[in-house]
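Asker: Sequence:
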Amino acid sequence: MSHFKMSYQDFIQSSFSPLVAVMCSPLVDQICKKNNLTFTEMIQPFCKLNSEASFRDPSGVMVSIKNLRINVSDVNSRPPQPTMARKFLNESVSCHINERTTSLDVGGTNLQVPVSVPWFEAWRDTFLQVQFPSDHEFTKHYVACMLVVSSRETSPLDMFVQMGSQLQQMQTISPAKLPKWFSPAVLRYHILLHDNTEGDTPLAESLFETMKTTYGVNHVFFLGINSQQAPTSEMHMPDPWSQFLTRQVQSQDVNEADLELARNHLEGLNIVETAQEAGESTPTTPIIMHPLSPVSDNNSAFDKSIAVDGVMTNSWSSSTTSTVHGSCLTADDVEKLRELVTCFCLSCLVPHVEQQIQHLTELISNKKGMSRSFLSATKRWFGSKPGVPNTPLPTITYTTDSTELQLRRLGDLCFMFGAYSLAFTAYHAAKRDFNADGAWLYYAGALEMAALSLFMQPADSTKKAHDYAEESILTYLNSCRMPQFATRATLFSAECMRGRGLYGEAAKQLIRMTSEDSDLRSALLLEQASYCFLASVRPPMPRKYAFHLVLAGHRFSKAGQKKHSLRCYRQAYQVYENKSWSLAEDHIHHTIGRQAVLLKQMTEAAEAFGLLLPRASRQSATQQAAFLKEYLTTQQELNSETGELPTLPLPVVDNDSIQVLLGKPPPPSSSENSLCYASGVSFESQSDEAHRWNNLEEQLVTAASASQVKIFKPTVELLNNSTNNTTSPTSYTGETVSVSVSLNNPLHITVTLQNVRLLWSFVPSSGGLCQDNNLDVNSTAARTHVIERLVLQPDTSSKVILQVTPQEVGELWITGLAYLLEGEGGVGVAGRQLLLPRPRLLYNKDKRPQENSPYAPDNRLRLNIVQFAPALRVSFQGLRKDMLSGELSTVTVRLENCGNLPVTRLLVTCGTPGLVALGSPQRGDVMEVALPVGLAPGASVSVDMQVRAHDLRGSYTADLLFYYENTTDQPKPLYRLVRHSWPILVHDSVQVSVTSSRSTGSSKSEETLNLRVQVQNSSQVHDSVKCEMCMECAALHSPHWQLCDRSFHPAAVPLGPQELAHFLLKVRRKGGAGTELSRLPLMDNSALVPSPEFLLPFDEQTTDFSGVEMKTLESVVALQATFIIMWRATIDTRGGDKRVAVGQHHVKLSHLGDMSSWPPSPA
1 MSHFKMSYQD FIQSSFSPLV AVMCSPLVDQ ICKKNNLTFT EMIQPFCKLN
51 SEASFRDPSG VMVSIKNLRI NVSDVNSRPP QPTMARKFLN ESVSCHINER
101 TTSLDVGGTN LQVPVSVPWF EAWRDTFLQV QFPSDHEFTK HYVACMLVVS
151 SRETSPLDMF VQMGSQLQQM QTISPAKLPK WFSPAVLRYH ILLHDNTEGD
201 TPLAESLFET MKTTYGVNHV FFLGINSQQA PTSEMHMPDP WSQFLTRQVQ
251 SQDVNEADLE LARNHLEGLN IVETAQEAGE STPTTPIIMH PLSPVSDNNS
301 AFDKSIAVDG VMTNSWSSST TSTVHGSCLT ADDVEKLREL VTCFCLSCLV
351 PHVEQQIQHL TELISNKKGM SRSFLSATKR WFGSKPGVPN TPLPTITYTT
401 DSTELQLRRL GDLCFMFGAY SLAFTAYHAA KRDFNADGAW LYYAGALEMA
451 ALSLFMQPAD STKKAHDYAE ESILTYLNSC RMPQFATRAT LFSAECMRGR
501 GLYGEAAKQL IRMTSEDSDL RSALLLEQAS YCFLASVRPP MPRKYAFHLV
551 LAGHRFSKAG QKKHSLRCYR QAYQVYENKS WSLAEDHIHH TIGRQAVLLK
601 QMTEAAEAFG LLLPRASRQS ATQQAAFLKE YLTTQQELNS ETGELPTLPL
651 PVVDNDSIQV LLGKPPPPSS SENSLCYASG VSFESQSDEA HRWNNLEEQL
701 VTAASASQVK IFKPTVELLN NSTNNTTSPT SYTGETVSVS VSLNNPLHIT
751 VTLQNVRLLW SFVPSSGGLC QDNNLDVNST AARTHVIERL VLQPDTSSKV
801 ILQVTPQEVG ELWITGLAYL LEGEGGVGVA GRQLLLPRPR LLYNKDKRPQ
851 ENSPYAPDNR LRLNIVQFAP ALRVSFQGLR KDMLSGELST VTVRLENCGN
901 LPVTRLLVTC GTPGLVALGS PQRGDVMEVA LPVGLAPGAS VSVDMQVRAH
951 DLRGSYTADL LFYYENTTDQ PKPLYRLVRH SWPILVHDSV QVSVTSSRST
1001 GSSKSEETLN LRVQVQNSSQ VHDSVKCEMC MECAALHSPH WQLCDRSFHP
1051 AAVPLGPQEL AHFLLKVRRK GGAGTELSRL PLMDNSALVP SPEFLLPFDE
1101 QTTDFSGVEM KTLESVVALQ ATFIIMWRAT IDTRGGDKRV AVGQHHVKLS
1151 HLGDMSSWPP SPA
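Residue 514 in full-length UniProt numbering sits at position 514 of the sequence shown, with consecutive numbering throughout.
Take the hints with a grain of salt, since some may be wrong.
Cβ pair distances, simulated, as ranges [to be verified]:
1) Lys-5 <-> Glu-824: 48 to 56 Å
2) Arg-432 <-> Asp-460: 34 to 42 Å
3) Asn-695 <-> Leu-583: 52 to 60 Å
4) Ser-421 <-> Glu-205: 26 to 34 Å
5) Arg-692 <-> Glu-1076: 34 to 42 Å
Computed cross-link-like contacts, DSS-like style, restricted to lysine-lysine with a CA-CA straight-line distance of at most 30 Å [claimed, not checked]:
6) Lys-1070 <-> Lys-1148
7) Lys-463 <-> Lys-563
8) Lys-87 <-> Lys-66
9) Lys-34 <-> Lys-48
10) Lys-66 <-> Lys-33
11) Lys-1138 <-> Lys-1070
Please keep in mind that the hints were generated in silico from the structure rather than gathered at the bench. No residue lacks a Cβ here, since even glycine has one placed at the ideal position from N, Cα and C.
Model the full assembly from the supplied sequences, consistent with the hints where possible.
Answerer: The following block contains the structure:
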C-alpha cells in the first residue's frame, strides 16, 4: 500500500502547529534579499526544535513537548482568494506524479501500487493552508509575533515602538479584520537583524543591550547574518529552503470584501460558502456561514486559464528551482538561525503558553459558579440536536471573553503544545455547552478537536474518538452546511483511523465526502478509500479497491487531471485483468485510450485501443466498429510519427496452426488436356498419413540401396506441431515456400485486409548484409507473393496460405506477415503480426522436463536455402476416379525435371499391391522406371502405367510415391520424393465361379480336366452405373495345365445386370516345365490379351510339404492354376455419359473338385 511521509501523529501535530506572525521593518527585506529570501522564508527550514521542551500544567504535572514546530508567516499574508485557491489546489495535484511502484500480493493477484501519494499529500496540505481562519476555533490564530528590525534603521528602538503600536492597532481594530490573534495580549519577540558585512557591529551590540533592558532578556534576540559576500562560483552551501518555496499560497493583499462579509455575518445575512477547491457548487438553500470564508463559484471544475483542452497546465513558478538561496550565509549564520528559533521557543514561547494555560484555567474556574442567561439555561433542556436544525436556524454569537470560547481557547492552546489530555477535558466541557446552546458550528469544531485529542493519546480510546469524529463530520455537513470543514475533519479522522488499522471505517468516511460538487476532492478521497480497501486484510478487498479506483479515475478526468485519471485506470485494470469481466475491461481500456490521446501519449493510446479488439466481446457490432475506428485513427497518427511497422491487434494469429510446406505446390488440373498433376504434400494432409507414407519411403530407400538401411530418417516436407522442428529445414532456390496460418476475426463486423504478404529476413551465405522486406516488397533475395484483398467474416477463423520464393543461397527467416488493416471511411493502417510457433516441451527418459533446456527450439520458419537440386514434376493423363472392379486402364505418366540438376534414377511404389504396373519390378512392390541417361533439367519423358482396379467394390485411396536420385557428385539432397494420392470409387462388374473336375476322356497319355465356369453381371439395375458385359477371352495361368480349343460357351450376347452365362472349358496337362499363359477367345476377332503384370508368381502360392505321402496326395488333387476371364463392358451413367471399359478377373484354382469364386459373394 502507498505510504505517507509522516505518521498520523506527526501529521496532526504539523497541521496544528502554533502560528507565529512576523512583522519586519523596510530594511530587513533588503538585507535578506541578498540571499533571494524574505526573513520568513529564511527561518522556515529551522522552525522545528531539535530538543524537547516542557511546561507544567495547572495541576503541576510536567508536560513534555516533542518535535515542537512553529509555523511562521508574514503578518500581512492572507489566504488566497477563490480563483487562486482553486488554482493552487488543482496544481498541487497536477504537478506531483510518482512513477515508482511496489509489488503487493492480494488474494493471489500481484498488484503494482504507488510507493507514495505525493499528489494527495500536496493537495491535503494546500487545502489546509488556503482555509480562512474562523471565529469558532483558534488553531489558525497567531499566538505570537516576531518584530524584526534592521540595525541599519535610523532609530531601531523607535522602529520597535512604532511596530508595536501597529501591532496593537491590528488587534483592536473593529470590526474584525485579518489577521486573527489568539488573545489580546499577544506575545511579542524582538529581533535585531544585523548585516555582518555592511553594518556597524559595535553599535548594533550596544542597541541590543538596550533592548535587553527594555523588553527583557527572554524577549529579544540579536541575529547577525550575511557573514560572507556572494560567491562568484557555483559552489555554495546546501539549499534547505527550496522545499519550502515550491509554492506560495498566500495572498498579500486584503480584499475589502472580507470586511464586508464579516459585517454581513454579524448582521445575520445569509452568505453562501466559498469552495477552496474546484467544483464546490453554490447551495440553493441560504445558510449562514463564517464571515471570512470565501464564496463559492458555480460548479466549474477550474478556470479556463487553468486547463487547456481538458489537460491541466502548471502555472506554478519554477524559478525557485534554478535560484540559489542563502549564498551569503555561512554555517555559523545558519546555526544562528536555528538558535533564534530555539531561544524563541524555549525561553519565550513555552513559558508564555504555560502562563496562558494557567490564566485560562483560573479564569474558567472562577466563572463556573456564575449563572448563565435564562436563554442559555433553557436551551440546555430544550435545545435541538445536531443534524436536525430548527427553521429558521438561530444565530448564536459569543463574546471573546465568554466561558465557552475561553474553554475552546484553552483546548486549542493545550492541543498545539502537546497537552492532549488537558485539551480533551476542555473540548469535552466546551462541546456540552455548545450543544446546549445549539451552536452547531462551535459544537462540531469542539467534537472534531476532542476526537483528535483522543487519537493523539496512547490510551485505548479509539471507539469514543471514532464516535466523536463521526458526529463532528455529520454536524458540519447537515447542520452547518459547511463541506469544507467536514472535509477537513474527514482528512484528520480518516488518517487517524487508518493509522490505527481501522481501514473500513476510514474508507466509509472518505467515500461519504464524495459528491457532485467537487470532482477533484471526490477523486482524491475515492482514491484514498481504495487504498484503505487494499490495506484491509480481513478480508482482503481487491475488487472494492479496483472499483473505487475506477470511480476516482472518472472524477479525475472530470476535474481535468488526465494523468492521474490514466494512472487510476491502469491500477484498476490489474484487478479486472483476466477475470472474464469483459465489459469492465472494455470500459477501462477505452478510457485509458481516451486519456492517453488527450495527453498525447499515442503509443499507450494505441495499445489500450488495441486491447479492445483481439478477443471475444459482449459489445455490439456498432460499438466494436467505433472501437476499431478509434484504434485505426490513433495508430495512423502514431505511424506518422514513428515511421515503423507496428504490430496490429487484428486479426488474431493462431500460432498453433502455423504450417510450413516446402517445395512447389501442384499446379491446378488443366481441363483442356485432362492433365492431373501429382497431389504432393498439402496443408490438408492428415498427421496419421505420415506413417503410411514413411513406410513407402522406407521401401524405396531399401530397394535403392545395395545394403540394408540401418538408420532411416523420413523426409519431412510439411512442418507443423507434430513434426520435429529442432533442425532448420532445407529448401531450394526457385522453389516456393508456403506458410499456412489461421487468422481469427473475433469481432461481430467484417475485417478487411489488403496486400497481405509474408515478412522475412535473409542472410546471404556469401556473408553480405542482412536483408528484409519490411518496407520493400521487391527484393533480389526472395520474391514475395501478395494477396491483394482478404475479407474476414465476423466471428470466424480463416486459413490463409502465403508464399515466398527464395532466389539466393543463404538463411531465410520468416518472421511474420504484413498487411493493411482497412476500416470505415477509407482509414487504413499498415502493420504486421509476428509468427511465433509454440516450442515443444522436451522430456528425458523419466518423462521430466530437462532443467537446462525445458523447451526444444522450433526452427520451422528458419530455412537453409540451397541452390542446386533436381525437381521432378509428375503429371497423369487418363487417370480415372471411378472404375469397375477389375477394370484395366492405361495412364500416361509425364515426368518433367524442373530443377537445375539431372535426375539419374527413378523408383516407384504403390501403397495398394497389384494396383499399378510401371517399369520393371524390383525388390518387393518397388518398380524402376527406365530413363534416358539422366533426365536433364528442363527435359521431360512420358511412360505408360497400367492400372487395374480393385476386385471389391468400395471407395479406395491409391498412394503412389516416386523416388528420384541426385547426381553422385551432389551429395545433398541424396534423393527427393513426389507423392500422389487419388481416390478411386470401384463399382461391381462381374463375379466368376469355377468348378474343376476330372474329365471322363482323360487317359494316361493325355490327362484332361473340365472347368465349369459361371459368369454373372453383378451390377444392379438401380446402381448409378449401368453395365452390359461381354466375355471376350478366357485364359489359364499355370505351370502344369493349359486350355484346350474344345469348349462349350454361348454366343457373344451381352449380359445385363444380374444375368448369368455358363461355360464348359477343357484343360489338359501340358508338357515341359515353366509357367505358361494359355488363352482361349470366347468371341470372334477378340484381340484382348491378359496383362501378366497383375498375376502373382506361383512360388508364392505353393505350399511346401515335406512328407512323400503328402506330396503324392498333393500331386493328385493340386491344380496350381489361375483362371482369367477378360471382359468388355459398355457403361452407361445416369448423367448420360457412355464409355467402354476392359477388364480381367482372376480366380485361383487350388484343388481339384473345389468351386472357387471371385469376388466372394456378400454375406
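Asker: Hints numbered earlier in the text: which of these fail when held up against the supplied structure?
Answerer: 2, 4, 7, 8, 10, 11
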